[in-house]
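Under full-length UniProt numbering, the first residue of the sequence shown carries the number 1, and numbering increases by one thereafter.
Hints are computed from structural coordinates only; laboratory data are not their basis.
Label pairs and their in silico Cβ distance ranges: (1) 73 to 116: 29 to 39 Å; (2) 77 to 30: 29 to 39 Å; (3) 26 to 167: 20 to 30 Å; (4) 157 to 65: 28 to 38 Å; (5) 227 to 170: 21 to 31 Å.
Dumping the calculated SDA-like pairs for lysine to any residue here, alpha-carbon to alpha-carbon at most 20 Å: (6) 45 to 167; (7) 132 to 190; (8) 45 to 175; (9) 70 to 122; (10) 232 to 116; (11) 132 to 122; (12) 75 to 192; (13) 18 to 190; (14) 75 to 135; (15) 232 to 222; (16) 45 to 233; (17) 75 to 61; (18) 232 to 113.
Even glycine gets a Cβ: it sits at the ideal position worked out from N, Cα and C.
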Amino acid sequence: MPLTRFLSDHPFAERLYKAAEPVWEEGVDQPFLRELGDGTLDREKFVFYMLQDYLYLNDYVNVHALAFAKCDDPKIRTHLSTAIAGASNETEHVHDFFRDVFGITRQQMDDARQSAFARAYTSNMIAIAHTKPLVDVLVALLPCAWVYADYGTRIAARIGDGIETNPYRAWIDMYKTDEFWNSAVWLIDDIERLSADLTEEHKQTLVEQFVVGVEHEYMFWDSAYRLQQRWKPEWK
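Go ahead and model the full structure; you've got the sequences and the hints to work with.
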């Protein structure tokens, strides 16, 4: 299971991963990520992805803030405040870098609109954040942190020295780090603790919710690869 080098004896985390494993493992080898790792991904597709990611991160920060408002656990509040700062930094500074390197203009960023797939993902998270308990919100946040950390590490390991000439090296370097892994570690640790006394029905709801989140991650990259803004390509 991804994260075993950081955490042990986390049965609920293992249950989440096992439920999502088919989509998770297919996702790391989907065309967008395979070509990104090879350095052959079309620039236009990466730019489409970065613009969608920029919009996504704004909602992602807001969901963390909504989780913070629900939380009375000092440890989790500290984790959430750190995550909010980190995601805000990613939005501003990391995307500034990619904007400079890949020629994404301020006008493109201002004019960008969420794709149907990205909107479905963030709308689901926001709805959970407004209507569900804290543990549900943390599970909604987990797929992004955990999938990116795992995929970044695996892509870097697969390409080895090839990373030196990869035009997307900065992206891979960012998500393969132990620092980024920690964004998943605290979530998994806190979810494990909060889920310990839940009913089986609630746990199963969280499992199903997590699988949907991993599916959304898959479709986020897939729609970027297809440059697909609407539900059907022919809808303009």
